[in-house]
Each structure stands twice: as C-alpha cells, then as structure tokens.
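Turn these sequences into a full structure, and let the hints guide you.
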Amino acid sequence: GAGVSQSPSNKVTEKGKDVELRCDPISGHTALYWYRQSLGQGLEFLIYFQGNSAPDKSGLPSDRFSAERTGGSVSTLKIQRTQQEDSAVYLCASSLAASGGARETQYFGPGTRLLVL
Amino acid sequence: AQSVTQLGSHVSVSEGALVLLRCNYSSSVPPYLFWYVQYPNQGLQLLLKYTTGATLVKGINGFEAEFKKSETSFHLTKPSAHMSDAAEYFCAVSTAQRGATNKLIFGTGTLLAVQP
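Residue numbers (our numbering), protein chains in the order written: chain A, 5 to 121; chain B, 5 to 120.
Just so you know, the hints here were simulated from the structure itself, not pulled from any lab data.
Each hint should be verified, as a subset may be incorrect.
What the hints assert, rightly or not - Quick list of simulated restraints, FRET-style, between CB atoms:
{"#": "1", "chain 1": "B", "residue 1": "S32", "chain 2": "A", "residue 2": "G55", "range": "23 to 33 Å"}
{"#": "2", "chain 1": "A", "residue 1": "K82", "chain 2": "B", "residue 2": "Y43", "range": "27 to 37 Å"}
{"#": "3", "chain 1": "A", "residue 1": "N56", "chain 2": "B", "residue 2": "S32", "range": "27 to 37 Å"}
{"#": "4", "chain 1": "B", "residue 1": "L24", "chain 2": "A", "residue 2": "T74", "range": "42 to 52 Å"}
{"#": "5", "chain 1": "B", "residue 1": "L24", "chain 2": "A", "residue 2": "S77", "range": "36 to 46 Å"}
{"#": "6", "chain 1": "B", "residue 1": "Y43", "chain 2": "A", "residue 2": "E89", "range": "23 to 33 Å"}
We put the CB at the ideal spot given by N, CA and C, even for glycine.
Here you go:
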C-alpha cells in the first residue's frame, strides 16, 4: 500500500518568509509525528498527534513553529518568519497507535528538505 | 530522561566482513528499542525492533540485534556486509510509560561504508 508522503520534497525560501510543509500519513494510522533532521542537532522530535487528543507540542523549538492535523489525517507544519537555522530535513511519520502505543512501528516519509537563504 | 549513544559516527568494513554497529541506551523504565536505516535522500526505514520477549531480534536484510539489559546495549550486527548496506543507521528508544508521548529518541547515527 501507499506509504507516508510529504510535499514539497524540496523548498528554498528567503529568510523571513513563511513556509508550509505537508504530510499525508498511511491510511488508518491514528498517530502522526513530525521530526527534524539537521547537521547540528541530529534527529529531534517536534510534535505528536494522536487521534482527537491534544497534540504534544513539547518539541517545537519556538512559537514560530505550529502544526495542525485536519480530519485526523493530513498534517501541515507551518514555520513563520523563517530563519537560517530552520534549514533542515523535516520528516513525518505515522503509526497504528491503538493499544500498541510506543511499541508500534513508526513509518517515515521521504522528508522535505528546507533551505532558508 | 531517555537517551541513546551510538559509538562511532563512521564505520568502514570490507564487503563480506562482519558489521557491528554499537548502541547504548539510558532509560529509567523498560525501553523499546529500534534500529532504522536511512539511504541517501530517503526517509528512515525500520530494520528491527525490540519490545518484549526474545532478546535476540532478527530484522530485514540479514541484520539482527541483541537486547542486553545488564549492559544497556542494543548492538546491530550482520555476519557479511554487502555493498548495498552502505547507509546511515540510527538507533532509537521509546517507552511504554503511561501518558507519555510515544516519540522516538534517536542516537546521532552511524554512517556505514562498505569497501569492495
């Protein structure tokens, strides 16, 4: 079946502009995660959505970052007033949370490579 | 707090040689442990995971890992390296802590090179 998809695959923007990154999880997966992969910080958790529960936003690095998940499916990560340090690969993952919880495999998309000039 | 340490950011082996990628974790509660592989310009793909039960876990592409609680380790091995194994490998930990987000905490990764 179809895996996790992300768009765009690459995004180049100018400092100060806003960007939106999209994630389409695997159909039926109730849990959705955003991670960021950068040279300086490695792979770090950003935000977690599980069903209709309030998202865990504890990993968002600043209030310029926000995310939403509409209809329990597609998610959008928004970065306002982008800075050069926001340059990274943004990875989305989804999983069957159900009763398995943390033992469930997270399936990753190919990522969006963001470059802020 | 949980953490993962991967010893060796770069490992180079010859084709046909043993692959050993080291991972140590820190967790105050029983961990769930994962190994992911990332090929250039791609997302992460699960190689194997340990949740409960048998401590020797077999994964895809001939890889396996053994959970050793006494050593807080989850090293990844493969008896014979192939050129196609060249990639970056990430060890990650999560827990079943009630109420906690099921996020993965990743190590810094090990870049595996396979020499002909």
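Hint check:
{"no.": "1", "hint": "S32(B) to G55(A): 23 to 33 Å", "in the structure": "holds (27 Å)"}
{"no.": "2", "hint": "K82(A) to Y43(B): 27 to 37 Å", "in the structure": "holds (29 Å)"}
{"no.": "3", "hint": "N56(A) to S32(B): 27 to 37 Å", "in the structure": "holds (30 Å)"}
{"no.": "4", "hint": "L24(B) to T74(A): 42 to 52 Å", "in the structure": "holds (45 Å)"}
{"no.": "5", "hint": "L24(B) to S77(A): 36 to 46 Å", "in the structure": "holds (41 Å)"}
{"no.": "6", "hint": "Y43(B) to E89(A): 23 to 33 Å", "in the structure": "holds (26 Å)"}
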